[in-house]
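Below are the chains, spelled out letter by letter.
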Amino acid sequence: MSRSQDTIAGARAEGRSALVAYLPVGYPDVDTSIAAMVAAVGGGADVVEVGVPYSDPGMDGPVIQQAVDPAVRAGVGMRDVLRAVEAVAATGAVPVVMSYWNPIERYGVERFAADLAAAGGAGAITPDLIPDEAGEWLAASEAHDLDRVFLVAPSSTDARLAATAAACRGFVYAASTMGVTGTRATVGDAAERLVARTREVTELPVCVGLGVSNGDQAAEVAGFADGVIVGSAYVRELLEGRGAEGVRRLSEDLAAGVRRPVSVP
Amino acid sequence: MTTSAVSPPEARLEPAHPSWPDATGHFGVFGGRFVPEALIAALDELTEAYRAMRVDPAFIEEFAALQRDYTGRPSPITEVPRFAQHAGGARIWLKREDLNHTGSHKINNVLGQALLTKRIGKQRVIAETGAGQHGVATATAAALMGLSCTIYMGEEDTRRQALNVARMRLLGAEVVPVTTGSRTLKDAINEAFRDWVTNVETTNYVFGTVAGPHPFPEMVRDFQRVIGDEARAQVLERLGRLPDAVLACVGGGSNAIGIFTAFVPDEGVRLVGLEAGGDGVDTGRHAATITGGTPGVLHGARSYLLQDDNGQTVESHSISAGLDYPGVGPEHSHLHDIGRAEYRAVTDAEAMEAFALLCRTEGIIPAIESAHALAGAVKLGEELASRGAGGRGDEPPLLLVNLSGRGDKDVETASRWFGLGDREHVEPGAGMDTDQQPTEGAVTSGDAVAGQDAGESA
Chain P
1 MSRSQDTIAG ARAEGRSALV AYLPVGYPDV DTSIAAMVAA VGGGADVVEV
51 GVPYSDPGMD GPVIQQAVDP AVRAGVGMRD VLRAVEAVAA TGAVPVVMSY
101 WNPIERYGVE RFAADLAAAG GAGAITPDLI PDEAGEWLAA SEAHDLDRVF
151 LVAPSSTDAR LAATAAACRG FVYAASTMGV TGTRATVGDA AERLVARTRE
201 VTELPVCVGL GVSNGDQAAE VAGFADGVIV GSAYVRELLE GRGAEGVRRL
251 SEDLAAGVRR PVSVP
Chain S
266 MTTSAVSPPE ARLEPAHPSW PDATGHFGVF GGRFVPEALI AALDELTEAY
316 RAMRVDPAFI EEFAALQRDY TGRPSPITEV PRFAQHAGGA RIWLKREDLN
366 HTGSHKINNV LGQALLTKRI GKQRVIAETG AGQHGVATAT AAALMGLSCT
416 IYMGEEDTRR QALNVARMRL LGAEVVPVTT GSRTLKDAIN EAFRDWVTNV
466 ETTNYVFGTV AGPHPFPEMV RDFQRVIGDE ARAQVLERLG RLPDAVLACV
516 GGGSNAIGIF TAFVPDEGVR LVGLEAGGDG VDTGRHAATI TGGTPGVLHG
566 ARSYLLQDDN GQTVESHSIS AGLDYPGVGP EHSHLHDIGR AEYRAVTDAE
616 AMEAFALLCR TEGIIPAIES AHALAGAVKL GEELASRGAG GRGDEPPLLL
666 VNLSGRGDKD VETASRWFGL GDREHVEPGA GMDTDQQPTE GAVTSGDAVA
716 GQDAGESA
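As they're listed, the protein sequences go chains P and S.
The numbers in the numbering used here rise by one with no breaks, and the one at position 163 of the first sequence is 163.
Count along the second sequence starting at 1, add 265, and that's the number in the numbering used here.
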């Protein structure tokens, strides 16, 4: 059973998309970041991506790196991440860890899987791990009944789309534009095309990330995707000092957005 | 197949190719691809285009002509007997990559990758740079071939290597100071990858060393192996034998792989990589990745790296900007694990001593990077002499050192180290030749400044 898949399917049954919120553990400190995750759920997030801070976040733009750098310097580690996972699980929302590969490998892949499952985590998203290199993680996630979410991109060939989606469990993460994380004025139709191509090769839900920052954009993406992933916009609430309350208000705006999907002609 | 140091060597017609990496870029357990999916298509495109290009006679001819007429290859080998007097009586020969156009081995790789860029129809190149040598080389190749060029350089390094920043700008490149993270080479690489993933349709990433995701470690090795292919033939021709050891400095490791590759099958030849020991590996302030690191994943490949218990990359320290990198190419990790090459750390002080020694005894100002290899040669020569081993019969041991670059860019750092500033002095100046009378006004031993301050910007 995949909890993230069930949750996203449940949202679909209500005629809406799921809202997936990303926040990194440890910014501005561990407790506040956990409170922000709980507030994101309070405002309507269905799934929380619990971000593992990493020193070399090559796929992230300046907003996320600005928040993650101090967390790295403060020595925030997997123990703090697991505490955040437990806190999110306690709200009833679905916690999914988002981590570059090295922190997981350093912690120990099998140990990570066991501890994540014990903390109530549903699985992990690994932005710099492709299925080709993921042998150990495929085995460990299978053994501990965890979701594993790999990314597909507009540049993925049909063959890679099929192979990557086949390796996923829970949902597929469609990186909507070519580029790093960050908010954008428009999400663009590359996302819609990518989702359509992905649906041809998998029955799994497809969630779209990279660029969504407000309810209107969320409504637009909800018109074609099963889940709307928002990261940098949440982080900006914390960077600009609006704290957990700002995170909650943003969640409410986005949660309203995913409930009024703009129908695709 | 192998030619040991004790049997009479034969000249090879075809260069020997190592059996690694495999088809997906693995050197044993190292290498591979740890990158966002968005880059896979571009990496596949590069791999395919490179495989086609390297057997294309038109490319081979164009590349050879550029190396000959533009770079100035083959670079000579030079014996340094006065320097070698300080190395236990070993004979030392230098492979003179410092004499290449742009002043280092970096040009070998960028000409190959620039031709590849044109072949895949892209008009813009980006690159990372630490000391600035790879940035200068990339800007040079871009100017030569009419490509637009952006260089990412850590803000810290733009200050340490201001001369090279000016060179790149003269050559028409845009230099972007990187202000994220530790503001050095590793962050420049992150920023270049971000540019690439955003602009991949128009842009090729000219990676500077044998690290990064497949195919970079293999491709850069192949473009750099000319160093060892030439040197092996030159040493055989001049001396009728192979060297007992081949030494090179290792940051990412491209000059070392370049000179090692031809000798990998020669099992009697020791391959010695010299890493940047900074203030000493036991101080934690160093860049000796294999000596002091552990396996993990950084910048797209599995290899040794400097990391903490949370898997965060640890900042490296070296007086040499070009070696100041917390990772290393996966092929070096493999050569280390199979025992084919050995890796040792050389401290800032040891490197600067060898730097000064080569200046004074041979009239050659080396790059501080290359001075690490020179220091390794001095030490190895002494070890071999004290054991009465290494050479054959009555012959002294023969050491081949890759002089990967020249030291013009390092003059400011060196003058601070040797005390032309007004800093409190701590150590007697590592490296002045005590047998030589300095001329008036020359740097003397008593002028040294605190080592770790010398590499930093005033």
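Heads up, some of the hints might be wrong.
For each label pair, taking beta carbons as the anchor points, the in silico distance ranges come out as [stated by the list, open to error]: (1) P:E136 to S:I603: 47 to 53 Å; (2) P:R260 to S:R389: 38 to 44 Å; (3) S:D287 to P:D145: 31 to 37 Å; (4) P:R111 to S:G337: 50 to 56 Å.
Hints listed in this document are in silico derivations from the structure and should not be mistaken for laboratory results.
Note that the coordinates shown come from a computational prediction; the quantities given were computed from them, not determined experimentally.
Built from N, CA and C at the ideal position, the CB exists for glycine as well.
Here is how each hint holds up against the structure:
1. Checking the proposed 47 to 53 Å range against E136 of chain P and I603 of chain S shows it is violated: the Cβ atoms sit about 22 Å from each other.
2. As the Cβ distance of R260 of chain P to R389 of chain S is approximately 41 Å, the hint placing it in 38 to 44 Å holds.
3. The beta-carbon spacing between D287 of chain S and D145 of chain P, approximately 32 Å, falls within the hinted interval of 31 to 37 Å.
4. In this structure the hint that R111 of chain P and G337 of chain S lie 50 to 56 Å apart at CB holds, the actual value being about 54 Å.
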